[in-house]
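Given the structure of chain B, go ahead and fit chain L onto it with the hints provided.
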Amino acid sequence: MALESGANSWAAGQEEKQTILIPRTLRSGQSVFYPGNVVVIGDVNPGAQVTATGDVIVVGALRGMVHAGAGGDEGAMVVAFRLEPTQLRIANHISRPPEGMPPAKQPEVARVKNGVVTIEAYVPGERVGAGSRSAFFQKGGGPEQEEGNQSAQGGQEGLLPGKFNGGEGKEWAKSLS
Amino acid sequence: MGEIIVITSGKGGVGKTTATANIGAGLAMRGYKVALVDADIGLRNLDVVLGLENRIVYDLVDVAHGYCRLKQALIKDKRFDGLYLLPAAQTKDKTAVKPEQMKEICHQLSEEFDYVIIDCPAGIEQGFKNAIAGAEKAIVVTTPEVSAVRDADRVIGLLEAAELREPKLIINRLRPRMVKQGDMMNIDDILDILAVDLLGVIPEDEQIIVTTNKGEPVVQDQRSRSGEAFRNIARRILGEEVPLMDLERNGNLLTRLRKIIGLG
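Protein sequence lines correspond, in order, to chains B and L. With UniProt numbering applied, the first sequence corresponds to residues 1 to 177, in that order. With UniProt numbering applied, the second sequence corresponds to residues 1 to 264, in that order.
Worth flagging that the hints you see were computed from the coordinates, not collected in a lab. Backbone N, C-alpha and C fix where the C-beta goes; we use that ideal spot for every residue, glycine too. Do not rely on the hints blindly, as some may be mistaken.
[What the hints assert, rightly or not] Covered stretches of chain B, as calculated for chain L (at least 3 residues, CB under 8 Å):
(1) 39-46
(2) 107-114
[Claimed, not checked] Cut-off 30 Å, straight-line C-alpha distance, at most; resulting in silico cross-link-like pairs (BS3-like, lysine-lysine):
(3) L:LYS78 <-> B:LYS105
(4) L:LYS168 <-> B:LYS105
(5) L:LYS78 <-> L:LYS137
[What the hints assert, rightly or not] Some chain L residues well away from chain B (every beta-carbon gap over 10 Å; in silico):
(6) MET1
(7) GLY66
(8) LYS76
(9) GLU104
(10) HIS107
(11) ASN186
(12) ASP192
(13) ILE193
(14) LEU198
(15) GLU204
(16) GLN207
(17) ASP221
(18) LEU238
(19) ASP246
Next up, chain B with everything else stripped away, as it sits in the complex (with noise of 0.2 Å):
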């Protein structure tokens, strides 16, 4: 299964990679690159600028411009509690907002599907990471309400389908014109 081994990269990549926390909001201007993961601690606003080479994660409203997976990691994803980047890259992908669809008032999570960035909603509790990340929980030897909860889903991916595309995820606008 095509999911299976990009877990397996992902799982290998990922004891690599080092994680910087941001306990602060970004303001326009101000940016933050680092090799490895960033965790922003406040708001990513307008005009400021996230980049790193594994997942950003922004406890707060991404506003700015965000590129996770900066080296070329496609499994890299971006989860914030408000998802309204004004530009958002994975890897080598470019996305933008569609025009006039108004923001989720819930968490999301970003991540390359099928060659395109989709956007999901994200539960807490639920695993992130397309399958990859429960089948890294499981060789790590994950907590065991992790397999009950892959248990109620049946062990299909712990996600909730997107709003916008009957199950599917909404998808993002590749191109920037």
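Relative to chain B, chain L alone:
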């Protein structure tokens, strides 16, 4: 020792100079000694807004270079006891003063005055750096426009980097009717992005244009809405708890009548 406050915005034309003049006059009306410093060297305006242009002999650059004493350059406002202006030079540019000299001048003024209020130039270059060098607190002025809010956000970041933490926000030129129709950013939209304390909201008011052109601060106009807003801001700076005024009140006769009969 008085407080040294810089009034800044990033974007030009949002009302820094008007706010400086009116807050200064508002504080002076309440009996405090206030020094206004125009840090916009080369594009001085504060003297014009205050109607003191024709009394300038020495300016900020002269003081910085030691051509005169600080007291000689200060202009006393005749209408408000305790209000003084240190004007900017018009024939020099921003490089004529160094941040250390600004710091020293502000410090000297704070020994004499209860409040030293610095009118910052637009932009984030040398003039901005000079203006904030001596300040202990900052007030950021914005209008309900995305460009002004973006610049305010940038400036708040720069202020925080310069150890000027927790700046206060003034939202200027708000049009309640446009906000109500969803055509203008509302107060919550702005605070959501900037995440700073609100010091006051000033409604759009034609009276400001009239009084500014005459060189009379609108804060002394008891009938105008913007004057009331500036008086409230002055009181909040003094530590009073003043609720935000009801911006809807200024509807035209028809909307007010509608409200009275319960249709509004």
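Verification of the supplied hints:
{"no.": "1", "hint": "39-46", "result": "holds (count 3)"}
{"no.": "2", "hint": "107-114", "result": "violated (count 0)"}
{"no.": "3", "hint": "L:LYS78 <-> B:LYS105", "result": "violated (55 Å)"}
{"no.": "4", "hint": "L:LYS168 <-> B:LYS105", "result": "holds (28 Å)"}
{"no.": "5", "hint": "L:LYS78 <-> L:LYS137", "result": "holds (27 Å)"}
{"no.": "6", "hint": "MET1", "result": "holds (30 Å)"}
{"no.": "7", "hint": "GLY66", "result": "holds (36 Å)"}
{"no.": "8", "hint": "LYS76", "result": "holds (39 Å)"}
{"no.": "9", "hint": "GLU104", "result": "holds (29 Å)"}
{"no.": "10", "hint": "HIS107", "result": "holds (29 Å)"}
{"no.": "11", "hint": "ASN186", "result": "holds (16 Å)"}
{"no.": "12", "hint": "ASP192", "result": "violated (8 Å)"}
{"no.": "13", "hint": "ILE193", "result": "violated (6 Å)"}
{"no.": "14", "hint": "LEU198", "result": "holds (17 Å)"}
{"no.": "15", "hint": "GLU204", "result": "holds (24 Å)"}
{"no.": "16", "hint": "GLN207", "result": "holds (33 Å)"}
{"no.": "17", "hint": "ASP221", "result": "holds (35 Å)"}
{"no.": "18", "hint": "LEU238", "result": "holds (29 Å)"}
{"no.": "19", "hint": "ASP246", "result": "holds (29 Å)"}
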